[in-house]
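Asker: Sequence:
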Amino acid sequence: MSDQPEVAVVRWPDLAPSAGDGLDGLAGLLAAYHLRTEAEKGEPVAGVDGLPDRYRAEITDPRSAFADDVVLVALAGDAAVGCVVVTRPDHGHSEVKRLWTEAEFRGRGVASALLGAAFAQAAENGADTVRLSVWKWRTGAIALYERLGFTVTDSWDEREQLVCMRRAL
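To convert a position in the sequence shown, counted from 1, into our numbering, add 468.
Take the hints with a grain of salt, since some may be wrong.
To be verified - With a cut-off of at most 25 Å between alpha-carbon atoms, the simulated DSS-like pairs for lysine-lysine come out as follows:
1) 509 - 565
2) 509 - 604
3) 604 - 565
Unchecked claim - Have a look at the derived ranges for each label pair, beta carbon to beta carbon:
4) 510 - 474: 22 to 32 Å
5) 514 - 559: 32 to 42 Å
6) 617 - 505: 19 to 29 Å
7) 588 - 611: 15 to 25 Å
8) 532 - 505: 12 to 22 Å
9) 625 - 504: 11 to 21 Å
10) 476 - 604: 28 to 38 Å
11) 588 - 620: 37 to 47 Å
12) 518 - 629: 13 to 23 Å
13) 504 - 577: 15 to 25 Å
14) 532 - 615: 29 to 39 Å
15) 513 - 609: 28 to 38 Å
Since the hints were derived computationally from the structure, they do not count as laboratory data. For clarity, every value in this text was computed on a predicted model and none was experimentally measured. We put the beta carbon where it would ideally sit given N, CA and C, even for glycine.
With these hints in hand, go ahead and build the complete structure from the sequences.
Answerer: This is the structure in structure tokens:
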């Protein structure tokens with residue numbers, strides 16, 4: 469028997485009624501993602517109010533920010549412990565973004581489960597490939613993406629230090 473809680477991946481905002489912290493949990497995950505990213509880029513901020521407008525909008529109003537996307541949330545009981553956003557297909561591909569797992573749940577397959585659900589969602593929506601961009605210093609994430617079949621591809625993003633990857637569905 470394992471002492472690790474079972475994790476379920478659900479589509480947000482269609483969370484199960486028992487998942488009362490769905491919005492707050494998602495906002496917390498997105499806040500952690502953006503605050504950590506800004507710190508890693510050498511631009512740490514004290515809190516959500518210090519984030520760029522576009523990131524703050526994702527946290528304060530995810531329904532609007534992700535209106536055209538599918539948001540998947542990993543739940544351990546009623547607690548949101550991970551998330552990922554899957555964009556609507558464009559020219560045959562969807563993009564995976566904002567993949568985040570709470571630190572205490574890393575190494576337990578949460579990110580892999582989220583990505584598996586993201587692949588299924590993208591395929592269901594008609595995509596034939598999934599792409600993503602990741603900061604080059606996130607070597608653990610890059611290794612995970614490679615294990616799941618992503619390969620490095622030509623960049624579609626002008627920002628330095630981004631690695632662009634894609635995977636066929």
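Asker: Hint by hint, note whether the structure agrees.
Answerer: Structure-based check of each hint:
Taking the CA atoms of residue 509 and residue 565, the gap is about 17 Å. The hint holds against a cut of 25 Å. The suggested pairing of residue 509 with residue 604 holds, with an alpha-carbon distance near 11 Å, which does not exceed 25 Å. Of the supplied pair hints, the one linking residue 604 and residue 565 holds, its CA atoms being roughly 15 Å apart against a limit of 25 Å. For the pair residue 510 and residue 474, the supplied restraint of 22 to 32 Å is violated, since their beta-carbon distance comes to about 38 Å.
Checking the proposed 32 to 42 Å range against residue 514 and residue 559 shows it holds: the Cβ atoms sit about 40 Å from each other. For the pair residue 617 and residue 505, the beta carbons lie near 24 Å from each other, so the given range of 19 to 29 Å is met. Roughly 22 Å separates the CB atoms of residue 588 and residue 611, a value that falls within the hinted 15 to 25 Å. Hint check: residue 532 to residue 505, Cβ distance near 21 Å, so the stated range 12 to 22 Å holds.
Roughly 19 Å separates the CB atoms of residue 625 and residue 504, a value that falls within the hinted 11 to 21 Å. Under the hint 28 to 38 Å, the C-beta atoms of residue 476 and residue 604, about 32 Å apart, fit the expected range. Distance hint check for residue 588 and residue 620: the Cβ-Cβ separation is about 24 Å, which falls outside the suggested range of 37 to 47 Å. The hinted range of 13 to 23 Å is satisfied by residue 518 and residue 629, whose Cβ atoms lie roughly 21 Å apart.
Between residue 504 and residue 577 the Cβ separation comes to about 21 Å, which falls inside the hinted range of 15 to 25 Å. One distance hint, 29 to 39 Å for the beta-carbon pair residue 532 and residue 615, holds here, with the actual separation near 34 Å. Our hint of 28 to 38 Å for residue 513 and residue 609 is violated, since their Cβ atoms are close to 21 Å apart.
Violated hints for the displayed structure, listed by number in ascending order: 4, 11 and 15.
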